[in-house]
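Chains as they are written, first to last, in my numbering: chain A, -18 to 399; chain B, 57 to 1029; chain C, 156 to 253.
Some hints could be false.
Quick look at which bits of chain B chain C covers, simulated, 3 or more residues with Cβ under 8 Å [claimed, not checked]:
| hint | region |
| --- | --- |
| 1 | 305 to 316 |
| 2 | 368 to 379 |
| 3 | 856 to 865 |
Simulated pairs of lysine-lysine, BS3-like, Cα-Cα distance not exceeding 27 Å [stated by the list, open to error]:
| hint | chain 1 | residue 1 | chain 2 | residue 2 |
| --- | --- | --- | --- | --- |
| 4 | B | Lys935 | B | Lys998 |
| 5 | A | Lys81 | B | Lys76 |
| 6 | B | Lys142 | A | Lys376 |
| 7 | A | Lys392 | B | Lys111 |
| 8 | B | Lys192 | A | Lys81 |
| 9 | B | Lys142 | B | Lys111 |
| 10 | B | Lys998 | A | Lys(-10) |
| 11 | B | Lys998 | A | Lys251 |
Here are some chain C residues pointing at chain A (derived, C-beta under 10 Å) [as the list claims (entries may be wrong)]:
| hint | residue |
| --- | --- |
| 12 | Met156 |
| 13 | Ile169 |
| 14 | Ser170 |
| 15 | Ala173 |
| 16 | Gly176 |
| 17 | Gly193 |
| 18 | Leu196 |
| 19 | Glu199 |
| 20 | Glu208 |
| 21 | Phe217 |
| 22 | Trp218 |
| 23 | Arg223 |
| 24 | Val226 |
| 25 | Asn245 |
If you're looking for bench data, these hints aren't it; they were derived computationally from the structure. Heads up, the beta-carbon is just placed ideally off N, CA and C, and yes, glycines get one too.
Okay, here's what each chain looks like letter by letter:
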Amino acid sequence: MLPALFPYKLLPYGFRRKYRPQRFIPKQKDLKSSYDVVIIGGGGHALACAYYLARNHGITDVCILEKGYLAGGNTARNTAIIRSNYLTPEGVRFYEQSLKLYRDLSQDFDFNILYSERGHFTLAHTDAAVRTSRWRAEVNKQLGVDSELIFPDEIARLCPHLNMSDHVRYPILGALYHPPGSIARHDAVAWGYARGATAMGAEVHQQTPVTSIIIENGTVKGVETPRGRVYANKVMQAVAGSTSVVAKMAGFRLPIRTIPLQACVSVPLKPFLDQIIVSGSLHVYVSQSSRGELVMGGSTDPYGLYSTRSTLDFKEGLLGHMLELLPMLGEVKILRQWAGMADMTPDFSPVMGLTPVKNYYIDSGWGTWGFKATPVCGLTMAHTIVNDEPHELIKPFYLDRFVEYAQVGEKGAASVGH
Amino acid sequence: MAGMNRLPAPFGTWIDRTEKISFTFEGKEIEGFAGDTIASALLANGQTMISRSFKYHRPRSVLTMAGQDSNTLVQVGDEPNCLADKRRIEPGLAVEGQNYVGSFEDDKGRFTELVERFLPVGFYYRTFHEQKKSWKAWEPIIRRMAGLGKADLKADFHHSYYDKQYLFADVAVIGGGPAGMAAALGAAEGGAEVILVDEGAEPGGSLWYARFNFDGTHGSLTRAELAAAINGRRNIRVLSNAVCTGLFADNWLPVIKDNRLYKLRAKSVVVATGSIEQPSVFRNNDLPGVMFASAAQRLIRLYGVKPGSRAVILAANDDAYGAALEMLDAGIPVAAMVDLRADVPNTEMTQAVRRAGVEIIAGHAIQEAIAGPGKTRITGAVAAPVAGDGKLGNGGRNLACDLILMSVGYSPAAHLLHHAGTKFAYDTSSHMYRPDSVPAHVFAAGSVNQAYALDAVLADGRRAGWLAARDAGYSSGAEPPAPADLGCDGVTHPWPIFPHDKGMDFVDFDEDLKYKDLINGIADGFDNVELLKRYSTVGMGPSQGKHSAVAAVRIVARETGESLNRMSVTTQRPPYTPEKFAHMAGRVFEPERRTAMHHRHLELGAQMMPAGVWWRPAYYGQKSARDQAIRDEVNAVRSNVGLIDVSTLGGLDVRGPDAAELLNRMYTFAYAKQQIGRCRYVLMTDNAGVITDDGVAVRFHDEHFYVTATTSGVDAVYRQMLWWNAQWRLDVDVANVTAAYAGVNIAGPKSREVLKRVCEGVDLSAQAFPYMGAATAEVAGIPARIMRVGFVGELGYEIHVPASQGEALWDALMAAGGQEGISPFGVEAQRVLRLEKGHIIVSQDTDGLTSVWEADMAWAVAKTKPFFVGGRSAEIQAKKPLTRKLVGFTLANDGDPCPEECHLVLQGEEIVGRVTSAVRSPSLNKVVGLAYVHPSDGEPGKQFEIKVDGGRRITGVVTKYPFYDPDNKRQEM
Amino acid sequence: MKVMNCPLNGPRNISEFAWGGEVKPMPDPASLDDHAWGDWLFLENNEAGVVREWWCHVPTSFWFIAERNTVTDEILKTYPAGELFKDRVNFAAKAEKK
């Protein structure tokens, strides 16, 4: 092992008599009566925003209000896939910026987020899916993102475990291959942002829900919590599945439906799967974490619900298809299943930026695609809050794009066979 | 005897000594009996070490003997992470250890323990990131160190058999111990149909092995009585060797038994799942020889195996003393009872133990287990006086032993109750969590409900069963009273945690987490159980915190000063115990739909392709000759006559006085004035103005339209019509007759001649049956709906017949066209033919946002209708400038390669559109296609750039369509 | 697996049904300005609480209305659409446009 890669940082732990703790979040203080910026929500996006407010704009008088425990919402529940192989130019530019930030994040935080480039494969099992894969590949390439449409021979070479047989219900016809596709430890991303933001002066308040929003003459003035009233110059909400509930307090609505998204992990195994495999037609995806667990998920639940309960049918559908792709896994076992609440939009793009309430900003519409956007979200929302003007990258994701018939279609090419 | 550690009968109630079974462990031949588990057989034969721990590769062995822990995970053939203490042996089973470097006995991974001090909690977050390439270099190493079993990459799930079955019960009782058995009887008395699910070989639970009175007879007598009563009841079905892994909405229960997943729906559920014995934390509490008292009792009673040769029992309740008596009965001397309690109560059990001459050391804890060579077995215990919570005083005593039994408390096995949404409260007198509000239709009984005294357990069970039956609509007799004294106090010690300066005092065995790991995690700011879990991984291992969750809560409460009353264990999620992928998958039913002519296509050598859930012929011929086959089919249609199976296309019968009105509202075009016997194009948009489907509407009567739709769109179109009409209340009925009709399209200049030969009751001449006409007639004696539509741009007839006659129709037309050499043609040729005419394919040439204006289909939008779905949005969209336009195109230079679908259209470096369809037309010998271009390039003659493979740019020319036969003479003749 | 009590078919597993979203009766599009139409079309209440929703029993293609608590998933009642939509909906003919 090269000397440069030796884990010198671990040596002090062995040589010191007593453990020297480093708090990631300072002990919770009392709530002040006012802050420069209040952020409703304490997940990855909120923490990232506080971080960039401080780092890029010198705004440190920031208060994060989280109704549960830190980053215990979708940040704790997602399957941690990071990629920029989206369909629209707007989406590609946005997520590509996120990827760029992700690559340096461990070094920025001085904290290992276990960022691992694995290669991302979106399998296509129908002509329509191959077509959409080529569309994404072409858009990606044109914008400088590494993606390619590949075919069964190449897929078999790169993903030796996949079942490439013709004698399955839906044989694999092609795949969108995106080498920069990565995974990371989702909680670590939140903790890194939390430590960084609080070190620069932001406050994190857990178990502190917002119960109402104070608005005067169309301008937000502050929020009410069970621990007291907090005034603020600017307020942002970043609450994912609870978006509509909080927005209702601010008096406006969004084109969002909250629908559970389930996932599960296997009992840990020795490493064998390096790639991230997604099948649009079979509605399943899988990767193997550095702990050895297979992390698996599918599409959203069939109906809306404000709950993180999980179901048996989810596992049945998922594993039936998983075994078609990776038939050697029959004797592997599921360890745990869970769910998050996905705030789904009609065009599968987020809703970010300004709202009908002055000085009130929104980061929402993250559906099943939010974790990968954590850094760029924080960066662009910080800019937006400071300038009262959406950052260039998020301009297309404005709330009124629906009534203006200007959707950013990431659900893009629907597929119908004649 | 199959093992040097065997006990004679009557020990070993679950083994059959008449049937010997041989298997191998790490290549060594082991002999056991039928009924043995892998673990019991190994221990019987003196193989103590069964696994290696996750991080430090420490030897591990039996802890619960009940499948609740992960200290005996083994690899069995292609099954990784198998619970050795549950899996019964079979002849020839090949069992291997897991997670070792080199060999199982001489695992080099154990040297990790030497650097343990350099690996604090969350160590992998603190390093391996100094440079970008650090984690890239270290991750493969960390990955190899992580993980337990191996996936067998040569296995194939298709070679095994797993299936599913539905079950229904009035009352489901989960857990067949005393509480569950009593509950089943209590429920059955009222006449309810009861299903009793139990993990064991036979119901009885702890009645099989625990000691309920000093002479040990009470348990088995009780069990025999209950079993006889259950067997005598016709309305109790027992599922043994079955585990219920979750409790889902409306009492939907997965029960796994052998190769089957039962999906059990119960009106009410009694959860009688018992409790999980909890460990004490002390140095080396993880090593082989340290186990729960109940584990030792299971080994002795169920499997007839001596767990050791000399025992020390760590006690904090009466059960410990029952265990001591069991040891003595089995001929295992008990060196001492080390009792955490300063004052050991005088009970029937403690007196019996005293009478037997066993020393009782009161007010002491075990400070440390002494490890033997290689740590493969303990050789002694150090008992020290308790000086305060978690504190030990000086004056410890060494006690020689090779077995330490822990009997210091329990935690309810409440997973299913958690799944159902039960709220728990911490009981400060029993020091355990108890169910505080149980959801409707769910009942808790037995130790999961805090009942520990056997009488209370039986009464609690009976009552729960009775209540569950009443909830399901059955009741008889009076409601049984709740037991007065549950007997839960004095059963669980609130703080059996004694951290050691030298560490290796494990709180979580799965994750090799020591006491200070949790303390340090809390100090690092992860000061609630959920955050601590995620940071330290406590409770994230294969046993999901069964033995660490409560300890973690206690530790967090103590360190933060938070009250246990305001805390709970981390969220319990399904499955209760790991479930195989194969059980969840079952036989994997994937429906497919075939047309009536399916076999004809196969006989003619078709290459079939999926169209939604249907199969359709793509082309006829060898794969190696695909392109030529498609060209030949196209040529045959253009110059001669072809036949295609169009059965999959959707068909809807719309009938009633408001039939035309419904079509007017559902589609963009106008239908009120459509004549009988005429066809008209239908284009559907959703309320946001996006094109969603298309087809043809045929008017057979004032009040009857037959409407076609795309293959995979028809079901949604049908549902949408019904949804709208649920609100509009028009006088109309819609029937989805897609599967009721089979259909063909016979197309080509010779099609009329061919069809005439088999057609009766209709004049097929151009005058009598013009283009876009329709009629009903008989084709080859089969009642048929015949339409002339602009399908592939040739003279042609679409013929729909009842599906049962589809094959006969096909045969008749193929025979009728024999002299012309009629050619079957498939979807690929159809695509080419239609593209040559510029027909759009919804969802290939349109996408999730395409409006009628972008698709250049203003012609299909009626101007004066009061309303149609999508109309209002179309009005709004019409006012906005287009951002793209769908046009037909050819290539400026026909030597250029034909672009692929979704090659981009660029202006400079900006993406302004894409090619949606393109083909080198066999009929025209040049490339034709459809593409989205920038509106400024949207006029015929304009040139635009297409980026093809390799980044090359070619030039497209906007061209009016139809490309082929622009005046449509051939299709209208 | 929730049980949905279909007004036509009785209690069935919820996997037999398709969810149609919140019942929001369409106002006459001609009566709304562009912005109001867009609001009605795209914005959702997405309530956390008791919601009146459309559901379809897919095997029988029967649409009906359910009142469901979107937090607890409790289905409080189900009834045929005709109980809410009683009258035929008509659209007035368009005024002459330019």
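Hints and how they fare:
With a cut-off of 8 Å between beta carbons, the region 305 to 316 of chain B has 3 residues touching chain C; three or more are needed, and the interface restraint holds. Chain C is given as covering the region 368 to 379 of chain B, and this is violated because 0 residues of the stretch bring a CB closer than 8 Å to a CB of that chain, at least three being needed. For a cut-off of 8 Å, the count of residues in the region 856 to 865 of chain B with a CB near a CB of chain C stands at 0, and the three-residue condition is violated. Of the pairs offered as hints, the one joining Lys935 (chain B) and Lys998 (chain B) holds, with about 24 Å between alpha carbons and a cut-off of 27 Å not exceeded.
At most 27 Å may separate the alpha-carbon atoms for a hinted pair to count; Lys81 (chain A) and Lys76 (chain B) exceed this at roughly 63 Å. For the hint pairing Lys142 (chain B) with Lys376 (chain A), the CA-to-CA distance comes to about 58 Å; that exceeds 27 Å, so the pair is violated. For the suggested pair Lys392 (chain A) and Lys111 (chain B), the alpha carbons sit about 43 Å apart, so the restraint of at most 27 Å is broken. Taking the CA atoms of Lys192 (chain B) and Lys81 (chain A), the gap is about 17 Å. The hint holds against a cut of 27 Å.
For the given pair, Lys142 (chain B) sits about 24 Å from Lys111 (chain B) by alpha-carbon distance, which is consistent with the 27 Å threshold. Note on Lys998 (chain B) and Lys(-10) (chain A): the hinted pairing is violated, with a Cα-Cα distance of about 65 Å set against a maximum of 27 Å. The straight-line distance between the Cα atoms of Lys998 (chain B) and Lys251 (chain A) is roughly 59 Å, outside the 27 Å bound, and the hint therefore fails. Among the interface hints, the one on Met156 (chain C) holds; its C-beta lies about 6 Å from the nearest C-beta in chain A, closer than the 10 Å criterion.
Nearest Cβ of chain A to the Cβ of Ile169 (chain C): about 8 Å, under the 10 Å cut. The hint holds. Interface restraint check: Ser170 (chain C) against chain A, minimum CB-CB distance 6 Å, threshold 10 Å, status holds. The interface hint given for Ala173 (chain C) holds, since its Cβ lies 7 Å from the closest Cβ of chain A, which is under the 10 Å cut-off. The restraint placing Gly176 (chain C) at the interface with chain A holds, with a minimum CB-CB distance near 7 Å, inside the 10 Å limit.
The criterion of a C-beta within 10 Å of any C-beta in chain A is met by Gly193 (chain C), whose closest approach is roughly 3 Å, and the hint holds. Taking 10 Å as the C-beta cut-off, the interface hint given for Leu196 (chain C) holds, the closest approach to chain A being about 8 Å. With 10 Å as the threshold, the beta carbon of Glu199 (chain C) comes within range of chain A, its nearest partner Cβ sitting at about 6 Å, so the hint holds. The beta carbon of Glu208 (chain C) is positioned within 10 Å of a beta carbon in chain A (closest approach about 8 Å), and the interface hint is therefore held.
The closest approach between the C-beta of Phe217 (chain C) and any C-beta of chain A is roughly 17 Å, which is over the 10 Å cut-off, so the hint fails. Contact between Trp218 (chain C) and chain A, as hinted, is not supported at the beta carbon level, the nearest pair being about 15 Å apart and thus beyond 10 Å. The interface hint given for Arg223 (chain C) holds, since its Cβ lies 9 Å from the closest Cβ of chain A, which is under the 10 Å cut-off. Here the hint on Val226 (chain C) is kept, as its CB sits about 5 Å from the closest CB of chain A, short of 10 Å.
With 10 Å as the threshold, the beta carbon of Asn245 (chain C) stays out of range of chain A, its nearest partner Cβ sitting at about 26 Å, so the hint is violated.
Hint check: violations occur at hints 2, 3, 5, 6, 7, 10, 11, 21, 22 and 25; the rest are consistent with the structure.
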